[in-house]
Each structure stands twice: as C-alpha cells, then as structure tokens.
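Enquirer: So you can see what is in the structure, the chains are spelled out below.
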Amino acid sequence: MEQATFETNIEDVKPPATSVGVIGWVKQNLFNGWLNSILTIFTFVVLWKIVPPFFRWAFIDSVWNTTGQACRHAAGACWSIVSANYRFIIFGFYPYDQQWRPFLAMMILFGLLFYSRNRKHWKKSLGYAWILGLFTMGLLMKGGLFGLVPVETTKWGGLPLTLLLSVFGLTAAYPLGVVLALGRRSKLPAIKVLCILYIELIRGVPLISLLFMSSIIFPLFLPEGITINKILRAQVAIILFTAAYIAEVVRGGLQAMSRGQYEAAESLGLNYYLTMRLVILPQALKIVIPPTVSILISAFKDTSLVVIIALWDLLKTTQSVLSNPEWMGFSREAYIFIAIFYFLGCFSMSNYSRKLEKELSAGEESR
Amino acid sequence: MAISNQISVPEKVPFWLDPKKRAIIYQIAVMAMIGLLGYYLVSNTIFNLKKQHIATGFSFLHKESSFEIGESLISYSAASSYGRALLVGALNTLKVSFIGIIFTIILGTIIGVARLSSNWLVSKLAAIYIEVMQDIPVLLQLFFWYAIFYEGLPPPRQALCPIKGLFLCNRGVAFTVPAPHPAYKYMLLALLGAGVLVFFIRRWAKRRQEKTGEFFPVFKVSTALVLGMPFAVWLAFGAPTKMDVPRLVGFNFKGGMTLSPEFIALLLGLVLYTAAFVAEVVRAGIQSVGKGQREAAMSIGLRPPLVLNLVILPQALRVIIPPLTSQMLNLTKNSSLAVAIGFPDFVSVANTTINQTGQAVEGVALIMAVYLIFSLSTSAFMNWYNKKVKLVER
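Taken in order, these protein sequences are the chains called A and B. Everything in the first sequence is counted per our numbering, starting at 1 for the first residue and increasing by one. Everything in the second sequence is counted per our numbering, starting at 1 for the first residue and increasing by one.
These are calculated hints, taken from the structure and not from any lab test. Computed from a predicted model, the values in this text were never measured in an experiment. Ideal Cβ positions, reconstructed from N, Cα and C, are used throughout, including at glycine. It is possible that part of the hints are untrue.
To be verified - To give a feel for the contact side, a few chain A residues facing chain B, derived at Cβ under 10 Å:
(1) 29
(2) 188
(3) 189
(4) 206
(5) 212
(6) 223
(7) 231
(8) 318
(9) 330
(10) 350
What the hints assert, rightly or not - Straight-line C-alpha distance at most 25 Å; calculated BS3-like pairs for lysine-lysine:
(11) 164/B to 49/A
(12) 187/A to 20/B
(13) 291/B to 358/A
(14) 120/A to 230/A
(15) 192/A to 124/B
(16) 355/A to 123/A
(17) 230/A to 155/A
(18) 51/B to 230/A
(19) 254/B to 95/B
(20) 192/A to 20/B
(21) 27/A to 50/B
(22) 124/B to 355/A
(23) 164/B to 242/B
(24) 124/B to 358/A
(25) 388/B to 211/B
(26) 291/B to 27/A
(27) 124/B to 49/A
(28) 286/A to 192/A
(29) 50/B to 230/A
(30) 187/A to 21/B
This is chain A alone, in the form it adopts within the complex:
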C-alpha cells in the first residue's frame, strides 16, 4: 500500500469522487454521520410535505386579478384582494387623485435612505438634504402651499403613515435617548435619579399602555380648548418609548469608554459639553451602531401597534379591506402581502447594520 503511493506521482492522484464536487459537498454537509443523515432525510420529507402544496396554493392555483366572487371558486390563493385594493391598503383614505403626493414623498424618503447607505456620503450636506427632504415630504403630505390641496391628517393612512411614524419617531427619539443616557451617567444626583426613573419606568411597561395614555389620557392633560391631533399624540408616545431603549444602548457605549478619554479631554481644558461633543459621543455612538439598529428595527415593527388605538396604518387599512363582505375570508393573502413590506424594511435594515458593523470593525483593525 505505502509502496504504491510512493511510486505514483502525487500530483497525478485525484481525490476520490466522493470528497470533492457536488457529491463531496453533499456528503460533508448533509450526510456526515448517521444522525445528520436521518435529520437531512426527515427535513426533506417535511419540506416535501409543505413546500410544493404551498407553491401550488400561492402560484399555480392562485388567481391574481378577479373579483371577490370569482375568488371563492379558486382552489388557491386569492391575490386579487391585493390587486383590487392595493391603492387603499397603501394610501388609506388619502384623496384618490392626490395619491401621487404621498407616493412622491415615499420616493424621496427611499432615495435619501438609499443615498445615505454609503458612509462616504455622511457629510454635513447630507444632513441638510435630510432636513430639506423631511420638510418637502411634510409639505407634500399636508399640502396647502404652492397650489397643493390641503389634506387633513385624519385622512393620512397606510404605508406613508407607517413610514412617517417610524422616520420621525426614530429621528426624534435618538437625540432624546442620547440626552437621557448622558443624564443617567451624570454626576448630579437629581438629574441621574430622574433619568433612571424615566428609563426604567418606560422600559417596564408595554408600548400599548403608552399609546392608551396618548389617546385617552393626554387630552385630559391639556387646558380647555386645545387639542392635538391623534397622529401627533401617537408619535409622541412612540418617541418617548423608543428613547428609553436607545438611552440604554447608548449608556452601554458610554460605559465602554475608558477613563483616559475623559481625563485627556479634561486636561485639554474642554468643558462638559465639548468633552461629550468632540471626544466621548463620537466614539461611544460608533460602538453601539449595531444594537441601535436593532432598536430601530423593533421601533419600526412597533409602529404597527397604533392599529389598537385606531390609527389607519398599513395594518388597519388591510383589516378594513378584510371587513368588506366581498373580500372577507382572504386574510392570509392580505397579511402575507403586508408582511412582505415589513420584512423588506427590517431585512434591509439588519443587513445594512451587519455591513456597517463589518466596515467599522475593519477600520478598527487597520489602525
């Protein structure tokens, strides 16, 4: 045996067919050992039971563009509920002939988000672009200037509302969260206690209790005659809620800063504000980007809770379509449709956070 291996040229010997190529991969990744083989076969059987029937239901037997009556005779999914009602699901009660406005606003938002993806574009001008963009979006939604017909906020709904609550919620919650985190680390006892109380209180209760508070109790807080519209109240509740979670994440970053950083800043003669602004926060906030993004993702998902206080977000418009007798009973299709929206939003955020994390840690190593 050994003799033979020595005689043939080692370069000429090919690895056995079972350890390279497709077969080799399959053997190594699916059938290494009896336990894994059983697991693989079992999983295949389960997938075979689930995937083809689902595929059949969703694509082969499904109907795409019919009335609700025709749907009831179809064997598969009734995607017609989406194709017949997509304008209402996405835009809610926004006047039909004005729906290009929220559409344009969303396009501006997506464009800005897409442009901000690249870290090279993170400059001051991008900040101005965002401010201008948010202002334009608000103007497009609300109208009343430049010949745009004013649209009441009570008519806002669907996807623009979901995005509005998330984007404004996140942009306002972030600075508030940073301030709360700084307050919690403060040396002034009264401020520290206040911040701890706030953070722990908010983190201890479900968002829905804050939403109830905003919709039922908040009007009682205001003096007679002053009312604040419902969307803004829900928005405030979402901001207050998210800020407490962001504060905890930022606190983690602040704790990771070594004493030397503070001492170095002090020895340069920087005061508290400048120390934080120039030395501590830039470093601390950078460390906590990944957990911050996961907070943002859950805040985006949590905006769906406004359905409970009867705001017309994406989920509520869908439910309203489902309560129409013509489309009753096709909840699965409708819910899958909006689940795709949420999935795309969250998935791109988490993907982006992973990419950013990699870039940042690479920058750390090259130093």
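Could you slot chain B onto chain A? The hints should help.
Expert: Same frame as chain A, now just chain B:
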C-alpha cells in the same frame, strides 16, 4: 478663560462659575421645571375630569362590572366586581406568559442548536426561520394566526380530528384529558414533595462528595423519585384511567379541555416570534464557550454528559440567562397585544373597564403598575442570579 480666572483669583469665584454651586442650581432648576410641568398637567387633568363629571379614585374596583369574560381561571360572572375582573385579566396574562415562556425556551433552544448544526440544510432553515420571524411585527403574526384559525378551520360539526380525542375547529381546540379524580391532586402534591426531596438530596450529595469524594448517582435517584412518587400515588388510588373525551353537543364541544382560538393564536404568535430571538441568544451563548473548554474537559477524563453539565452549560448559561430573561419579559409585555384579537388579558379587561367607567387615568395607571411589578420582580431575580453566577476571580 474660566480656568485662568479660577487660577488667578481663587478666593472670589462668582457663584455661576463655581462648578459645585452651579450643579446645585442646575438641579434645582430642572426639578422646579418638572414640578411646574407636573403641577400644570395635574391641575388641568383635575379640572377636565371635574368638568366631564368623571369620578376619581379607585372605588370603582368594588362596583359590579356587568360584563362577561370568555375565559377565566377563577370563578367570575358579570355580577362580580371590577377588581375581580382585573384579577381574572392579570391571571390570564400570567397564564399565557407562563405557558408561552416554557414553549419559547424549548423551541428557541431547538432552533438555536439547529442554527449551529453541521448539517447545512438544517442550519440554513433555522437561519431563514430566525430572519423571517424577527422581521415581521408580532401583532401581524397574531392577526395571521387568528385568521388561520378563524377562516382556515371548519365549524365544530365538521371538526378536524387528526388524532383520536383531539378536535380542531374554528371554535378552538378540544382535546381529551383524564376525568377528574381525587388522585390527581395528591399526585401533584407527590410531585412537589419529590422536587423538595431532590433539592435536599442534591445538596447532601454535593457536600458528601466534597468531604469524602464518594460519588452519589443524583441524577438517577432524582429521576426515579420525580417519576416514581406520583406513580406510586396513582397506583395507591387504584390507578384511575377514566378519560374525559370531548363530545359535540349542539354547536360546540362539551367535556375534555377546550382552548379558545384567541388563546391559541396569542400563544402561537408569541412563541413563534420570541423563539426566533431566543434562538439567537442560545446560539450566541453556545458559541461563547471556546472549543478549548470542551477539549480540556475531555482530556481530564470527563464523560460527555459531565462535560456538558460541569463545563459547557455553566459557562454558556452565564451568557444566555440575562438576555433570555429580557426576552421572557418581552414576551410578557407583548402578551398585552391580546387586546387586538380579543383574548381577555389584563390590558383587555382594563380597556373594557376604562370604556365603562370612563376612569382612564386609574385604568392606565393600573396597567402600568401591573407590568412594572412583573418587570421589577424579574430584574430583582436577574440581579440575584448575576451575583450568583458571577465569575469568582482568584
């Protein structure tokens, strides 16, 4: 500037440049502002409440509630008080959270381990599950499962019967349970007794091993006790085997045990959603224990179960338990979404109470207080646990 001033004239620092005095002024200013804001809001609220003739205080808790609650762990009727209705809601929240937590930990651990499997297919499926479930709002998932139940399943008369004694229909799930018998109460007591015994045996065995080095088969003995004691009680009561099978009476099932579609949709949604997060926690925990730990343990001659028990688990659990607890707390808080699908949890009952009495401030305060109690007790437990498992550095 400020510094040069301080150095040159150390005696006479104006009070607005003295950091100590300035700190006090800041704090007083902040407290005064918050106090004023609080006073303004409270006075407005009291004024508005008076104007709308809404009563204040918690006396409504003793009044008759006059609404029905679908499912309850304690006896309740429309004639009971609001206080009792809220208690029913709180118990329902605890019930769904407790059962949900057990299932979540089991499912999450399975998926987390599957994510680390060397089997490509299993690992990728687990990854897809985690990504998809984390990216869809839990409320949407609840609505989805509720809709599946409500629209996908047949009415009771054509109920599906996948296994004998188990019925699935749009009124819920009915399944066979053992018929009531006094033996079961005593079996439960025996099980509790066995648990206490096991606790003491473990302590005794550990002490003895530390003193004398003699090994006591704790695991075998405790398994025998936990299984054997209730079994012995069951035999002592003449081994009752009568079962309570659900039967179709009129339009619904009678007998056996029935779970409502609301409860199942809530449980399913919460468990499937939270399990994705728990899976990530478990994966991170297992990965945090270095490969060298296992190899070192094997090389000193420990058998695989002991490697797991004495080396891997204690280290992995230290990483797993804190985020796991916060996931469990999240599950409990998310159970408040029950109000959206009509399961009578605490928030749902409190919401009904608010609508009937108009006492919103008290109602929301109660909701917040109950959830704060849950989360504060959990974090108290966490602190205790963290202290217990903290690395003892020598």
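Enquirer: Tell me the hint numbers this structure goes against, listed in increasing order.
Expert: Failing hints, ascending: 7, 14, 15, 21.
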